[in-house]
Amino acid sequence: MSLTYIDAIQQAQGRALRENPNVFIYGQDVAEFGGAFKATKGLVENFPDRVINAPISEDAMIGLAVGAAIEGMRPIVEMQFADFSSIAFNQIVNQAATSFYRTGIPIPMVVRLPSGGTPGSGPFHSQSMETLYAHYPGTVVLTPATVNDAYFMLLDGIDCDDPVLFCEHKFLYRWLKAEKLTEERLPIGTARVAREGKHASVATYSAMVHEAVRAAEILSEEDGYEIEIVDLRSVKPLDADTVVASVARTGRFLALGEAYPWGGVTAELCAIVAQECFHLLDAPPRRMNSKDTPVPYHPNLWKSHRPTADRVADALRELIRF
Amino acid sequence: MVPADSTFQKPSSGSPTDAFLAYRFMVLSRVLENRIASLYRAGKIVGGVYLGIGQEALSASVGTLLGKGDVFAPLIRDMAGRLAFGESPLDALRTYLGSRKGPMRGRDGNIHRGRPASGMPAMISHLGGMIAVVNGMLFARRLRGWNDSVGATCIGDGGTSTGAFHEALNQAAIEKLPLVMVVANNRYAYSTSNDRQFACQDLLSRAEGYGIAGHAAQGNSLLSCFETMKHAVAAAREGGGPQLVVANLLRLCGHGEHDDASYVADDDKTSVLNRDCLEVAREEMLAEGRTEADLKAVQSAAREVVDQATAQAQQEPEPDPYADDWRATKSEFQAHPSS
Ligand SMILES: Cc1ncc(C[n+]2csc(CCOP(=O)(O)OP(=O)(O)O)c2C)c(N)n1
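Quick mapping for you: the protein sequence lines, in order, are chains A and B.
Letter 86 of the first sequence, counting from 1, is numbered 251 in this note's numbering, and no numbers are missing.
Letter 45 of the second sequence, counting from 1, is numbered 49 in this note's numbering, and no numbers are missing.
To be clear, the hints were calculated from the coordinates, so they are not data collected in a lab.
Warning: the hint list may mix true and false statements.
Ranges between beta-carbon positions, derived for each pair [unchecked claim]:
id : chain 1 : residue 1 : chain 2 : residue 2 : range
1  : B       : Ser195    : A       : Gly428    : 31 to 39 angstroms
2  : A       : Glu344    : B       : Ala327    : 49 to 57 angstroms
3  : A       : Phe289    : B       : Asp271    : 56 to 64 angstroms
4  : A       : Pro186    : B       : Gly213    : 30 to 38 angstroms
Incomplete in silico selection of chain A near chain B, CB under 7 angstroms [unchecked claim]:
id : residue
5  : Leu229
6  : Ala233
7  : Ile270
8  : Glu348
9  : Ala405
Ideal Cβ placement from N, Cα and C applies to all residues, glycine included.
Take the sequences, apply the hints, and build the full model.
This is the structure:
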């Protein structure tokens, strides 16, 4: 029996509801309907009081979660799409993220953000918001790339005392399957070397881990290059040590992300590598992101908009032959 | 049961029925705010000063009528309500003067103070942003089976134009939360008058739009504010769902101490609302049987408390950048590699 990425998210929430009476789920259509993507399917049956449909009021949804967290609960808020969290931006970055530093009261809240693009989802249902939220002090931004991480990182996020933005990738929901959960459970803020190599390092997260792995396979077969891939797992905290150690082994670095190119996680990674690894580098650090336009609707355009295995492979060839 | 640390210890016990209690907090607030204004003019305060002069009757009524175990999210002009809910004048002065011992430890200032674990969340500047937080606190209490809490929060006429206000009031209505939403319509949002803020006749008609109860109070009459608020708080406590209270009044000061309020129209300056609520309250209390001596005693007690608190806050240590742990998360990890 195999488990999808979205099954893992559903099961982690079910377990959290079972194990902790302070956990509740609040979001649009999450109760009987089971959520727009069915990530909460069936949960209301056992927890009718704690799986609650919210009005289409993202600002008020996060505000309510903050208030409940002040009272010691551990709310999980499902955004129907990460894109709509912009309506709640104020509550996330000013209310939730400032609380611990200002008042000493932590806000143990998880905001689940169905993130990233899928064919046909277009400008308002495809965005990757991790950069925005990571920018603000007081947040934790998780970006799982595997079924196992989706499950355990969501549980860790619920246990975390700080506001967690859980960026789950919509493309991975049903595409990614695992035979079963393993016991590999790394702490928040620890990156994982997803593939070992010696010619170049790629640091990436979420769905782009899989594009990077495909690119590495192409390069291994066609060019004989072995690429090391670091799956960041969380972009905040960011495990700079694992990235630096990888660059020390390979001497070449590509930061890869699905989000828009201006600023962001890849810029942060390149800055760290430039500062920490200058003497170890055989080529300038390089970054690859989506194009600097809104995310296009048609699959033909979308495929060219985001980094894909082929484009990543080309960038790595250039990096290695620099 | 509400845990003991979940609210401020109210100075009084039992549920107050007497507006004279609120009068005491009106006076204390006025004395304290006048002190803060003079400290500001003397350059002793970091940042801005925003006063609630003219709005004390409404604000003190809200704070007085909330009890132990309730929630209060005050806004800019709610010094009187804060004090009545149980915030100490010392906490207020510590925050303005930047004492390390204040609730905000120098990390936030002036009106943005609070003690969330005691039922008073610390306001953020963004108007409308506190209402849903109160909803959440009430929601959590209900989920845990504490059904005797009421939550009140205040906003100005300008703040009612925010999306956050509308989302949160609608949310409270759907959930039938015991929220008392108090609107102080002082006719100006900074310099912008009501006609550029909303197009309905009266903000009270919003209540109908949300399907909740509405109450009007005359904002510069303590008796009117106290009675109205008493009904609203009781209705919320008895399961009547959200209550909207709208009081018409004027602020008798600038938006902040930097503002001379030159935009206030002549009509407003000569309106009955321009009468100071403290003067009106004095008359009301005398008519209710209090004596001049009673009122004098309130005044001198307030002076004494404020003097003491000022002296203490001024000698407390300032925040120290070397002693601050500079951590924005409770989790021990280093959130940013170069910080
Ligand atoms: C969302 C938001 N926009 C702008 C401001 C800046 N601001 C602070 S107070 C204020 C006027 C508020 O007017 P009102 O709500 O009527 O309250 P009053 O000051 O009259 O008591 C403004 C514009 C703010 N704090 N929040």
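Checklist entry - Okay, A:Phe289 versus B:Asp271 on CB: inside 56 to 64 angstroms? => result Violated, since A:Phe289 and B:Asp271 (Cβ atoms, about 47 angstroms apart) do not stay within the stated range.
Next on the checklist: For the hint 31 to 39 angstroms, verify it against the beta carbon of B:Ser195 and that of A:Gly428.
Outcome noted: 36 angstroms, holds
Next on the checklist: Tell me if the beta carbons of A:Pro186 and B:Gly213 are separated by a distance inside 30 to 38 angstroms.
Outcome noted: 36 angstroms, holds
Checklist entry - That 49 to 57 angstroms hint for A:Glu344 and B:Ala327 (C-beta), does it hold up? => result About 52 angstroms separates the Cβ atoms of A:Glu344 and B:Ala327, which means 49 to 57 angstroms holds.
Checklist entry - Against chain B, is A:Glu348 within 7 angstroms by beta-carbon distance? => result Violated. Min distance 22 angstroms.
Checklist entry - Would the hint on A:Ile270 stand, with a C-beta cut-off of 7 angstroms toward chain B? => result Interface hint status for A:Ile270: holds (5 angstroms vs cutoff 7 angstroms).
Checklist entry - Should the interface hint for A:Leu229 be scored as holding, given a Cβ-Cβ cut-off of 7 angstroms against chain B? => result 4 angstroms, holds
Item to check | Evaluation of the interface hint that places A:Ala233 against chain B, nearest CB under 7 angstroms | outcome: This hint holds: A:Ala233 lies near chain B, its Cβ roughly 4 angstroms from the closest one there, short of 7 angstroms.
Item to check | Restraint check, 7 angstroms cut-off on beta carbons, for A:Ala405 near chain B | outcome: 4 angstroms, holds
Hint check: violations occur at hints 3 and 8; the rest are consistent with the structure.
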